[in-house]
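Chain A is fixed; fit chains B, C and D onto it per the hints.
Chains as they are written, first to last, in our numbering: chain A, 1 to 430; chain B, 431 to 860; chain C, 861 to 1290; chain D, 1291 to 1720.
Don't read these hints as lab results, they were simulated from the structure.
Do not rely on the hints blindly, as some may be mistaken.
Said to hold, decoys possible - Once the Cα atoms are required to be at most 30 Å apart in a straight line, the calculated BS3-like pairs of lysine-lysine come out as: (1) C:Lys1034 <-> C:Lys966; (2) B:Lys706 <-> C:Lys1136; (3) C:Lys1108 <-> B:Lys706; (4) A:Lys248 <-> D:Lys1566; (5) D:Lys1538 <-> D:Lys1396; (6) B:Lys476 <-> B:Lys435.
4 protein chains.
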Amino acid sequence: MTEQKISGDVIAQENEKRAAAQAADYAALGDRLARNGVDIDTITTKVAEFAVAVPSWGVGTGGTRFARFPGAGEPRHIFDKLDDCSVIHQLTRATPTVSLHIPWDKADAKELKAKGDALGLGFDAMNSNTFSDAPGQAHSYKFGSLSHVDAATRAQAVEHNLECIEIGRALGSKALTVWIGDGSNFPGQSHFTRQFERYLASLAEIYKALPDDWRLFTEHKMYEPAFYSTVVQDWGTNYLIANTLGEKAYCLVDLGHHAPNTNIEMIVARLIQFGKLGGFHFNDSKYGDDDLDAGSVEPYRLFLVFNELVDAERRNAGGFHPAHMIDQSHNVTDPIESLISSANEIRRAYAQALLVDRSALDLYQDSNDALMATETLKRAYRTDVEPILAEARLRTGGAIDPVATYRASGYRARVASERPAIAGGSGGIV
Amino acid sequence: MTEQKISGDVIAQENEKRAAAQAADYAALGDRLARNGVDIDTITTKVAEFAVAVPSWGVGTGGTRFARFPGAGEPRHIFDKLDDCSVIHQLTRATPTVSLHIPWDKADAKELKAKGDALGLGFDAMNSNTFSDAPGQAHSYKFGSLSHVDAATRAQAVEHNLECIEIGRALGSKALTVWIGDGSNFPGQSHFTRQFERYLASLAEIYKALPDDWRLFTEHKMYEPAFYSTVVQDWGTNYLIANTLGEKAYCLVDLGHHAPNTNIEMIVARLIQFGKLGGFHFNDSKYGDDDLDAGSVEPYRLFLVFNELVDAERRNAGGFHPAHMIDQSHNVTDPIESLISSANEIRRAYAQALLVDRSALDLYQDSNDALMATETLKRAYRTDVEPILAEARLRTGGAIDPVATYRASGYRARVASERPAIAGGSGGIV
Amino acid sequence: MTEQKISGDVIAQENEKRAAAQAADYAALGDRLARNGVDIDTITTKVAEFAVAVPSWGVGTGGTRFARFPGAGEPRHIFDKLDDCSVIHQLTRATPTVSLHIPWDKADAKELKAKGDALGLGFDAMNSNTFSDAPGQAHSYKFGSLSHVDAATRAQAVEHNLECIEIGRALGSKALTVWIGDGSNFPGQSHFTRQFERYLASLAEIYKALPDDWRLFTEHKMYEPAFYSTVVQDWGTNYLIANTLGEKAYCLVDLGHHAPNTNIEMIVARLIQFGKLGGFHFNDSKYGDDDLDAGSVEPYRLFLVFNELVDAERRNAGGFHPAHMIDQSHNVTDPIESLISSANEIRRAYAQALLVDRSALDLYQDSNDALMATETLKRAYRTDVEPILAEARLRTGGAIDPVATYRASGYRARVASERPAIAGGSGGIV
Amino acid sequence: MTEQKISGDVIAQENEKRAAAQAADYAALGDRLARNGVDIDTITTKVAEFAVAVPSWGVGTGGTRFARFPGAGEPRHIFDKLDDCSVIHQLTRATPTVSLHIPWDKADAKELKAKGDALGLGFDAMNSNTFSDAPGQAHSYKFGSLSHVDAATRAQAVEHNLECIEIGRALGSKALTVWIGDGSNFPGQSHFTRQFERYLASLAEIYKALPDDWRLFTEHKMYEPAFYSTVVQDWGTNYLIANTLGEKAYCLVDLGHHAPNTNIEMIVARLIQFGKLGGFHFNDSKYGDDDLDAGSVEPYRLFLVFNELVDAERRNAGGFHPAHMIDQSHNVTDPIESLISSANEIRRAYAQALLVDRSALDLYQDSNDALMATETLKRAYRTDVEPILAEARLRTGGAIDPVATYRASGYRARVASERPAIAGGSGGIV
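Bound-form chain A, shown alone (with noise of 0.2 Å):
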C-alpha cells in the first residue's frame, strides 16, 4: 500500500469541483478531433503512460552564484526529498521515478530503496558529482576532475563514478549521467587534446564497470563553470565520446546547454539518426544554463523536440527509447509547484506531437509547400490538450489541476512545521 503525502479526499474534493468543465471541455475537444479522424482516447492514454524522472536535487530551492534564498520547508536531506517527489507524483501521476546526485543523496541503499518502495517510487539515472569537492576529498576538482593531469585526481573521479554504479545497482536503477565541470578560464591553460584523451581514458575504465543493461550517459554543455574551454562542449564531442566507448554509451541533451540560436531539434534528430540519443534533462532556457522551468520561455522549441521524437517512434528510428529527465533550478518558485507544472508541460508538447497530422506533413514536405508543412505542426501546436493532460491524471487518479489541490493539500506548511528553516545568504562566491 503506497503511502499518500497529500490525502485522497484532498485530491478527490479539489477533481470534484472541476469535474464537470472537464467533462465539457474533454467532449468538445474529443469532437474537434475526431472531425480530424483523430480518437481522443488513444492520445489520452498515450500521454497517461509517458514518464519524466524528477531530480532529486530539484525540490530544494535553488540559487546562482550570487544568491540563494530558500522556501519555507526546505528538505533536509533525500528521504525529505523523496517525500516530496512523491507528492508531484501523486498529482501528476507522470513522474514514477526519481534521479539521484551522489554524494548528496547518499545514504544506506537498502533504506532508500525501501523508502522508494513506500512511496511508490522507483529510481532513475544516477548522477555523478565530480564539478564540487565533498568533504574529505583527498585530491581537489578545482583543476578538473576525469580529465585532470594528475592521474590520482582522475583515478578517484572514476572511482566515485563506480559507486554511483553500485549504488543504483541497489536501488534498481540503469544508467549513469556523467556531466564534468572540467574545461579552462584561460586560453592556453589546457592542451585540448591531452586534455580530452585524458578524459576519454577515464570514461573507458568508467564504461568498462557499467553492467550489461546499464546505459552511460554523457551530457554535453557549452560552458560554466569553465568559462574559456569544456571539455565536452557540445554534441560534436559527446557523439565522438560516446561512439568511441561503445553500443551502451549514449549522448544526453540538455536544452540549456548550446549556443545561443542553436537549433536543438536538429540536433536531436542527428543524434537519433546515428543511434545516440539517450535522453533528455529538460528545461527552458533564455540566455544560457538558465534552468529554467520547461516550457517557461519558448514552448514552441519543446514541441519541436517532441516532434522528432513521436516521429522517432513513429519510423522505429534503431535504438531509439529516449530517458527523460528533468533539470532545473527553482529560485523563485515552491519547487513542488515547478516540477508539477513542467511534468504538465513536457507532457504537453507530447500531446501536441502526437497530434502531427504526419501523413499530410510527409505530403507537403515531399513536394516543397514549406507554408503548409509549417501549418501542420502549428496546427497540432496551437491545440488546447490541457483537457486531454487533465484526462490522463485524472484516469490514473491524479488531480486534474495538480498545483490547486497541491495548494489546497496545505502540504507546504505541514513540512515548513517539521522541517527547520534555513537562512538565505550570499553565494559569496561572486
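Coordinates of chains B, C and D only, in the frame set by chain A:
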C-alpha cells in the same frame, strides 16, 4: 611611512635581474617610436599616472553556483583583503584605491581608514548589496530589492544604500555603485513598467542623499541572477535612469554584461557623447558574465574601448572623467596574481591607445579609407608596449615583472600560514 | 465599388464548405470563454478592428546575397504589387493599407492613389531607401548616407527623404520610416561620435520638413549591411534619436533586429513607458535579421510583445498608438500566402493577449506568485483562438480559411500567365 | 618568365624607402628573440614558406542582399581575376594559388592553365555552386540541391560537382570544396533525417568520383541562406559526413560559420585529434557570416587557431596537412588591398604561434599554472612580428609594405581604364 607587505629588497633584487633587458627593450622601442615622432617618455609618464581600482572581493577566490575551490591563505575579512590589495599596488603602482562591498566589508570606518592610510591605499566607489540577504535582515530580496512590490522592502534597500554612502563619506570615497539582481524568471512574473517605476522612485531617494561631490553609478546587466528579465538590462535602460535622476548620475559599463556580439566600444562612445559615461568594471568574457581576467580572451576589444577613451580625452569631451575599476572572479588562479596581471592588461590597452596616430586616423576616416583607418589602429595595437609598462612601474618603485616578484616574495605562503585553510565545497545551489 | 481580385463566389463557396465546423468551433470556444467571464464576441470585434500594413516589397519573392529564386507571376511594378496586396486584404480583411518603398515603388502619385482607391487600399508609412544606389544617383551610399562624411551625400539623402514625404502626402500617408544601412566594416573606419552627430543633423532636417500630423519612425538594427558597427544599432541609440528630435519622432521596433537572446518585449515596455514606441516591423527570426514569417519560429515571443501592447492599451499609456507593419522576406513560399498567414499570426497573438486575465495577473504579480502569474499568460496563450480569427474574417467578408481559398481561386496561375517569368540567379555578391 | 603586373622597379623603389627601418627593426627583434633562445631567421624561413590560397571571387567587390557598391576596375571574368590575384602574390609572396568557383569562373581549362602558368599561379581547391541557379539550368535549387527531395535535382547537383572535379583535374587542383545552401526556412518544411540521408547519398556519389590523390572538403555553416535549419549546420554534422564517406573526406572550417560565442580553436583541435581537419576558409566575423577581413575584429582568436595548428605540426598529428584558403567579402575596400592585408594577418598569426615557448607551456599546463600558461601564449602574441613578415616578403621578392607599394604602382587606375565601370544598385532581394 607606508607599510610594505613585500620587502623592498625582494623587489630590488628581482628588478636587478631584469634591469639590463628592460633597458635594452625600452631603448629599442623608444628608437622605433621616435622614428614615428612619438616620445616614449611622454607615453610612459601618462601610463604611470593611470590608475585602476581593485575590488575588495576580488582578492578572495571566486566560484560558481556549482562550487568554489578556495586557495591557500584566503583573506578572512576586509583587513586581510586590504593587505592583499596593498601587495598588488606595491608591485604594480597601478592600483592605489580599493572598492568596497557592503556588508561584506563592513567594519569600523575609522579603523578601515587607518588601515588604508597605513597601507597607502585610498577608497574608491562604494558598492551596495541588495542581491543577497544579510543575516537578520527584516525583508528578503528574493523577489527584488529597489524594485520590489513591497514598499518596506524597497525602503530597506534604499536605507542600505544610504548607509553605504555614510560609510563611504567616512572613508573618502566619492561614488556609489548600484548593481541589483532584480528581475524575473518567468514571463509575467513582474510588470515591466510598474517594476521600473518603483526602481526609479527608489533611486531618486538614494540620489537625493548623495553628497554634492559624489557620483552615482548604475550598472546594467543583461541577465543573471534573473533569467527571464532584468530591470536594468542594458545601456538603454541605464541611460534612462541616469537621465531621469540628474547630473550626478552616470552609467557604469561592465564589459561582461552585454548580449552576445554587442559592440561595446560603441556603447562607450554613445555614453560619452551624451555625457553619461560613469566608468567601468573591467574584466573579460567569452559567453556571459564570465568575470574572466581583463584582456584574457579578447584583448583587441579592450584596446578598442580604450581607443574611445583616449579619443574622448583628446577631444575634451564634456563631463568625461570615467572611473576605472576591476570586477572579476578568480576561480583558478591566485587572485593577487590575476589582479596584478589585469591591472597590467588595462594599462597595456591604454598605452596602445595612446600610440594611435590620431591625425592620420582622422584623415583616413574622412576619406573613407577603411583599410588604412583600421590599419592605423592595428599598428598601435601591435606595438609591444610591455617595456613602457615595466618602465612605468620601475620608475614609481614597482616591479619590472610583478608576478615573478610576487612569487619570489613568498607572500602567499606567509599568509597561508597565518590564515586558516578553508575547505572547498559544493555551491549546493545548482 | 471596390475592385475584387478574387471572385466573391470563390470565397463564398470555400466558406460554405467550412461554415458548419466554424460555427461549432466558435460556439464551443464561446462556451468555454463564457465560463471564465469572457464574451467571445467582444474579442472577435476587437480582432476584426485590428489591422496591419503590408509592405509592397513583401509580395515579391525575396532572396539572400547568395541567390534569389523567383516564383511564378512575380509583380513587375507597384501596380502589380497593389493587386497582390489587395488579394491579401480581401481574404483576411486585416491588411487595409500598404507601406511603400521609394524609389522601388516610384510612380505617378495620382495614379497610385487612384489604384489604391479602386482596390480599397490605403497607404501606410513611407519608406525611404538610402542603403542602395539608384541608377544615375550623383553620390554613392557606399560609405553611408545620412551620416556620410561628405555633406553633399548627406544632402542628397536628406533630399530623398523629403521627396518620400511629398509622395506620402499625396497618397494620404501619415508617417515616414527611416532605416539606413550606415555603419562600418572595420574598427576605426568611422568615428562613432562624429558619425552619429552627422546622422542627427541630417535627421533634424528631415524632421523639420515633417507635416504636423505625421510621425517619424527611426528603425534600429544591430548589424547588416554593416558588419562591425551600425549607426542606429539598438533601441538605446534609437531612443536618443527620438528624444533629440522631438515629439513627432518615435522608435520603430523590428523583431529581427536585436542581439541574440534579447528580451524584446521588455524593450517594447520601456519605449511605451517613455512615450517613444512608434510601431513595429513584424517578422520572426532565429539567427539574425532572418525576416521569416511572423510567429513562425517563436510564437510565444510574439504573444509576449502583444501582451505589452494590450496592457498599455488597458492602462491608456500616454502617446501610445503604435503602427503595425509587416516586414518579411519570402524566399521559399508564395509571398501572398506568407502575408496572409502572417497577418493571421499577428492577429492571433493579439487575440491571445486580449484573453489574459489581467486582474488575476495583477494580483499574482503583486504577491510574487511567479508560477501563477506566468500560468495566467500561458492559459491565454494556449487558447486556440483560430475560431475567433476566422469569425472576424467571416463577419467582414473575408475567408474562413484564406490560404485554401487563395489556392482555390487560381490567382497565382492567372497572374503567372500575365506577368513574364523571371529567371533565378546568383546574387553574385557573396 | 612570369608575367608581372606590378613593375619590379616600383617594388624596388618602395622597398628602398623602407629598407633601413626594416633592417633596424628586424635586427632589434632578432636580438630580443635571441635573448629567449629563438633564432629569428628560422622563423622568417618558416613564414616565407607559409602560403594561403586566394579566392577568385574575392577580387571583385562583394555586397549584401541590400546592395552592392562596385569599385573602379572590377574584374570582368576569371582572366581579369587572375591578373588581380597575381598582384597580391607578387607583392606578398604568400598567395601562390587561386581557388576557383564554378560556374562563375568557367572557361576553357587549357586557357586557364596557361594563364595561371604565365602569372606564376597554381590552382587550389575547386568550389562547386549549387546554392544558386545558373542560367538555363534544368532544375532549380530553390528547395535544395544535393539534399533536394527530387532525385533529378540531386543528380544535376551531383553532376555539377563531377564537372568541377574534371575542370580541377585539368588545372592541377587536388581538392573539391562542397558548400551548399540547403536547409529550410520553416519548422516542418524539411524532414531533418530524410534530408540528411539524401545529402549523404549524393555526397557518396561525388566521393566515388574523386581522384585518389584528391581530398573532399565539406563545409558547415550555422545558417544563411537557410534561416531555420541548415543541412550541414555545424562541425558535429560535418564530422559525421567525413566519417561516413571515407578517408579522403575532410571537414573545412570557415571562421565565420559558427554559433555566437563558439570556441572555434577547440573545434579545430577536435577535428585534428580525430583526423578530419581538412582546412580553412579564413575571414573574421563579429555577428554572423560577416566575411570580414581575417584578423580585423578578433585577432587573438586567429592566433589561437594557429596555436592549435603549430601545436599539431609539432606533435606530428596524424593526417594533418590543412589547406589554407581565404574566403571574404570585400564590400568597402579595394579587394586587392584587403587580400594583401589578410594574407599578411594570417601569416602574422602563424608567426606569433611559432614564437610560443611550447616547453614552458607544457610545464605550466601540467602544473595547472593557468596564469603563466596563458601568459606564455600572450607573450608570443604580443610580439610585433611585422619585421619578420616584411623580411619574409623582402627575401622572396615581395614588398616590405605591400599595400603602399600597390598604391604606388597605380594598378587600380590602370585596370579601371581598361575595364568598364559597373553601376551599383539595389540587391532588390531584401
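For each hint, the structure was consulted:
As the CA atoms of C:Lys1034 and C:Lys966 are separated by approximately 17 Å, the hinted pair is consistent with the 30 Å bound. For the given pair, B:Lys706 sits about 20 Å from C:Lys1136 by alpha-carbon distance, which is consistent with the 30 Å threshold. Note on C:Lys1108 and B:Lys706: the hinted pairing holds, with a Cα-Cα distance of about 25 Å set against a maximum of 30 Å. The straight-line distance between the Cα atoms of A:Lys248 and D:Lys1566 is roughly 25 Å, inside the 30 Å bound, and the hint therefore holds.
This hinted pair checks out: D:Lys1538 and D:Lys1396 have alpha carbons roughly 25 Å apart, not beyond 30 Å. At roughly 27 Å between alpha-carbon atoms, B:Lys476 and B:Lys435 fall within 30 Å of each other, so this suggested pair holds.
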